[in-house]
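Asker: One-letter residues, chain by chain:
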Amino acid sequence: MTSTGINSLRNGPDEEGRFGLYGGRFVAETLMPLILDLEAHYRAAKVDPAYLDEIKTLATHYTGRPSPLYFAERLTNHLGGAKVWLKREELNHTGSHKINNCLGQILLAKRMGKTRIIAETGAGQHGVATATVCAKFDLPCTIFMGATDVERQKPNVLRMKMLGAEVRPVTAGAGTLKDAMNEALRDWVTNVDTTYYLIGTAAGPHPYPEMVRDFQSVIGTELKQQFQEAEGKLPEAVVACVGGGSNAIGTFHAFLDDPEVKLYGAEAGGHGIDTENGHAASMTGGRPGVLHGNRTYLLQDSDGQILEGHSISAGLDYPGVGPEHAFLHDSKRVTYAPITDKEALDAFQLLTRTEGIIPALESAHGLAQVMKIAPAMGKDTSIVLCLSGRGDKDVESVGNYLGLL
Amino acid sequence: MSRIEKRFAECKAAGRPALVTYVMAGDPDLATSQAIMEALPQAGSDIIEFGMPFSDPMADGVAIQLGGQRALAAGMTLRGVLGMVEDFRRKDETTPIVLMGYYNPIYSFGVDRFLAAAKEAGVDGLIIVDLPPEEDAELCIPALRAGINFIRLTTPTTDDRRLPAVLKNTSGFVYYVSMTGITGAAIKSRAAVGEAVARIKSHTDLPVAVGFGIKTAEDAAEIGRHSDGIVVGTVLVEAVAGSLVDGKASDRTVAAVRDLVASLAGGVKRARG
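Protein chains in written order, with our numbering: chain W, 1 to 405; chain P, 1001 to 1273.
Bound-form chain P, shown alone:
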């Protein structure tokens, strides 16, 4: 059983959805980012989505764009992201880590070399925004062969006809993007999210996590009622941004993220209550 499967099973047994937290690797600097990452599990994060910064994040809103720019300006690289995961794994053997980002840095690094290094570092899954099923031969199939989950985004535009193709090589969990749009926009209809999750679940046994537009513990509780997990990202990256002094980490930076995650963790616990 993979770390991801195990974690979803544990949350299910505890009668609550999983809290998946996204933070940008290297934002605002390597040491602070490492401290944030290490604080996440204790604050109540079940799965860590770790953003690989990219110069041209076409599917991200302003908050995550700026987070990526801060990370790149502070010198983060793909090699650096893997190094952070490796350090994290020395202290935490169980929290699943999913790398999220865009394909070019991986392609540039070399797919086989990247997969070997990611496996070695302790990466459990990948979410690559610009690799739809039509391009599965690029990274998805090699990742599955290397024993790394490939988690796919499904969206409101993924209809029943297309869903089987999207789910075919998906593993770990399904990430339902609750709206057409970029990260950080506001969620439109919570009822529609419930229906969409039910529709996906009629096609797959994989857990379904919902993301895009979840900002508060209340959102977490409500969306969590309809799903196996919720993904929170933009507000955490905004918490980092809001804590900076003159663009640099302050003594509040790690706490700002930790406190928000703790509050969201309270939300997921109330989801089925």
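Isolated chain W, as found in the complex:
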């Protein structure tokens, strides 16, 4: 841990779960006692060496941490500027960063005596990670997934089913992540006594944004140390994709108080930021509002109705963003920029062909941002991308876009 002085950007949230204006606990009364209970359990767990040891042991022997920091030489030469590094979260067990959070939360659910797990998923990465830890810890689980996403992420649906999860397709709305989250909240409010809601991103009511960030912060903490060992300094820039924003906050958090490190979040620009309801870039194209338990930037119409948004990537196709990102956007510590579907597809292909690494479409958004800024940076500088997930799940839909099928 670096110092967290009074002016540190790493002090949030406050006791009310706020990051400045954002965050909070905007939930129905039925859930309120539960959320307070969850917070109390998390506070106790956080300082319990046995709990922290168990997470560490699982991270090492089950997930495969630390994930490597890899110098992408051919990609660097291709872009012709800064050295490009990849933090290889896609090599984790289950294929993405999501497992970091799932292990932390399932151990908490166990401590709380919960007997059933529910979760929402967009691309299916969080659903797979949840189904995985539920298999390992012998807890029944139900995964809510938008019907559109069930269709475009079939391999992950199969994996979840094989792991023993019940996958419930949600047909409301556009059948994407937002609708899955509504349905998970409805289930939770109905089964409060037995059920633990394992939220997959750093959003939702307090304490979820803080808790998920803490579990994902291992990414940035490792990265900082690995980079120091490799280059003897801090990187000049760090990039991550942002949907709800769990891999991004996990990557950025260790660097928030290092102003010399530029931080970039790649939002889903879809068909382009000027296309109405054609993107999912909530910070670039939205305004503050309240949804799913927190105040944050949201895509919404003039009446405050939430828009569905669009992204080629099911994992970024969400009209909101975690509240800490909203705060970091206002404070300008992090630069959030939209990446279009097309730019993400180009990046997907570039990494596949230059490095032999097939990235998740979500992570390809981050790479597209790297492609925009690395060429203008000096050859003695470095830029690190959090490669949050692998692209096995996307080969069919990308194949369709490219006309290969």
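Please note that the accuracy of each hint is not assured.
[Said to hold, decoys possible] Computed far set for chain P versus chain W, every beta-carbon distance over 12 Å:
#1 Met1001
#2 Glu1010
#3 Ala1043
#4 Arg1152
#5 Thr1180
#6 Lys1201
[To be verified] Some, not all, of what chain P presents toward chain W, calculated at C-beta under 7 Å:
#7 Cys1011
#8 Thr1077
#9 Arg1090
#10 Tyr1103
#11 Val1111
#12 Val1129
#13 Pro1132
#14 Leu1153
#15 Thr1155
#16 Thr1157
#17 Asp1160
#18 Asp1246
#19 Ser1250
[Unchecked claim] Partial pick of chain W residues on the chain P-facing surface, computed with a CB cut under 7 Å:
#20 Arg25
#21 His41
#22 Ala44
#23 Val290
Rather than coming from a laboratory, the hints here were simulated on the basis of the structure. Note that CB positions come from ideal geometry on N, CA and C, so glycine has one too.
Following the hints, complete the assembly by docking chain P onto the known chain W.
Answerer: Frame of chain W; chain P shown alone:
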């Protein structure tokens, strides 16, 4: 005395619980919805809960979700809801109106601007599902200052330790949600409802109305025995849905709601009989 207090006092004097009816503003279209609203008092509704449609009603079951979608598809907005209340008030000065919904459309409209417009239109109370006491500074306190009641939901998970905090800034009445779940689910234990109402009443002098799971005149009579009011919503929104022809209002739409409310009103009259 506010319209809400006055109405509960009148029902108490008449020896029966109040019938609180929920309908979705703008469902299935503005004109039909206005006609439904205006038919409610005569059919026996004591208090109108008027749903403000929202794209993401996290605490509602399918029936009310669909009602909200119909209203939004027909062009209803928060401004439109206030306009309907204003029209209603020109003909009815006494029936209390409570707006029920979610916070974002109000936040988007602007809290102060909304409260001024709601007061002006003749709104008496607010029920905002996603604003627990922890977020009272957002809307509850400003609403009370503006002279609008803020009605809170209490649930089976609201224990004795938490109840005082929940009741602290509640006014008008207390809405006891009879189960953990979403609107439209089936009620599990009527005896438990009676005990819960008694528990709440040991903490407050406010009237307690019970909702979630009341579908028939018999339910109304039975639950009404233990409470100062009963809230009926899902079946009324389902009555609207069931009357539609090709998704549009038919000549049976207003009557379907009116007849059901009349039957429920018979139920509340038998509650203490």
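Asker: Next, verify each hint and record whether it holds.
Answerer: Evaluation of the provided hints:
1. Here Met1001 (chain P) stays apart from chain W, with its beta-carbon at least about 27 Å from theirs, past the 12 Å limit.
2. With a cut of 12 Å on Cβ distances, Glu1010 (chain P) stays outside the contact zone with chain W, its closest approach being about 28 Å.
3. No beta-carbon of chain W is positioned within 12 Å of the beta-carbon of Ala1043 (chain P); the least distance is around 30 Å.
4. Arg1152 (chain P), annotated as away from the interface, has a beta carbon of chain W within 12 Å; the closest lies near 7 Å.
5. Annotated as non-interface, Thr1180 (chain P) brings its C-beta within 12 Å of a C-beta of chain W; the closest such distance is 5 Å.
6. Against the 12 Å criterion, Lys1201 (chain P) stays outside the reach of chain W, whose nearest CB is about 18 Å from its own CB.
7. Using the Cβ-Cβ criterion of 7 Å, the hint placing Cys1011 (chain P) at the interface with chain W is not satisfied: the shortest such distance is roughly 25 Å.
8. Proximity of Thr1077 (chain P) to chain W holds as hinted, the smallest CB-CB distance being about 4 Å (cut-off 7 Å).
9. Hint status for Arg1090 (chain P): violated, given a least beta-carbon distance of 24 Å to chain W, over 7 Å.
10. Interface hint at Tyr1103 (chain P): satisfied, since its Cβ lies 5 Å from the closest Cβ of chain W, which is below the 7 Å cut-off.
11. Look at Val1111 (chain P): its Cβ only gets to about 11 Å from chain W, farther than 7 Å, so that hint breaks.
12. Annotation: Val1129 (chain P) was flagged as interfacial toward chain W, and the flag holds, the nearest CB pair being 5 Å apart, inside 7 Å.
13. Proximity of Pro1132 (chain P) to chain W holds as hinted, the smallest CB-CB distance being about 5 Å (cut-off 7 Å).
14. Restraint check, Leu1153 (chain P) versus chain W: the minimum CB separation of about 5 Å is within 7 Å; hint holds.
15. Interface restraint check for Thr1155 (chain P): the shortest CB-CB distance to chain W comes to about 4 Å, inside 7 Å, so the restraint holds.
16. Using the Cβ-Cβ criterion of 7 Å, the hint placing Thr1157 (chain P) at the interface with chain W is satisfied: the shortest such distance is roughly 5 Å.
17. Here the hint on Asp1160 (chain P) is broken, as its CB sits about 11 Å from the closest CB of chain W, past 7 Å.
18. Annotation: interface hint on Asp1246 (chain P) violated; nearest CB of chain W at approximately 21 Å, more than 7 Å.
19. The criterion of a C-beta within 7 Å of any C-beta in chain W is not met by Ser1250 (chain P), whose closest approach is roughly 25 Å, and the hint is violated.
20. Here the hint on Arg25 (chain W) is kept, as its CB sits about 5 Å from the closest CB of chain P, short of 7 Å.
21. Checking His41 (chain W) against chain P by beta carbon gives a least distance of about 16 Å; that is not within 7 Å, so the hint is violated.
22. A cut of 7 Å between beta carbons decides the hint on Ala44 (chain W): the least distance to chain P is about 18 Å, and the hint is violated.
23. Of the supplied interface hints, the one on Val290 (chain W) holds, with its beta-carbon coming within about 5 Å of a beta-carbon of chain P, less than 7 Å.
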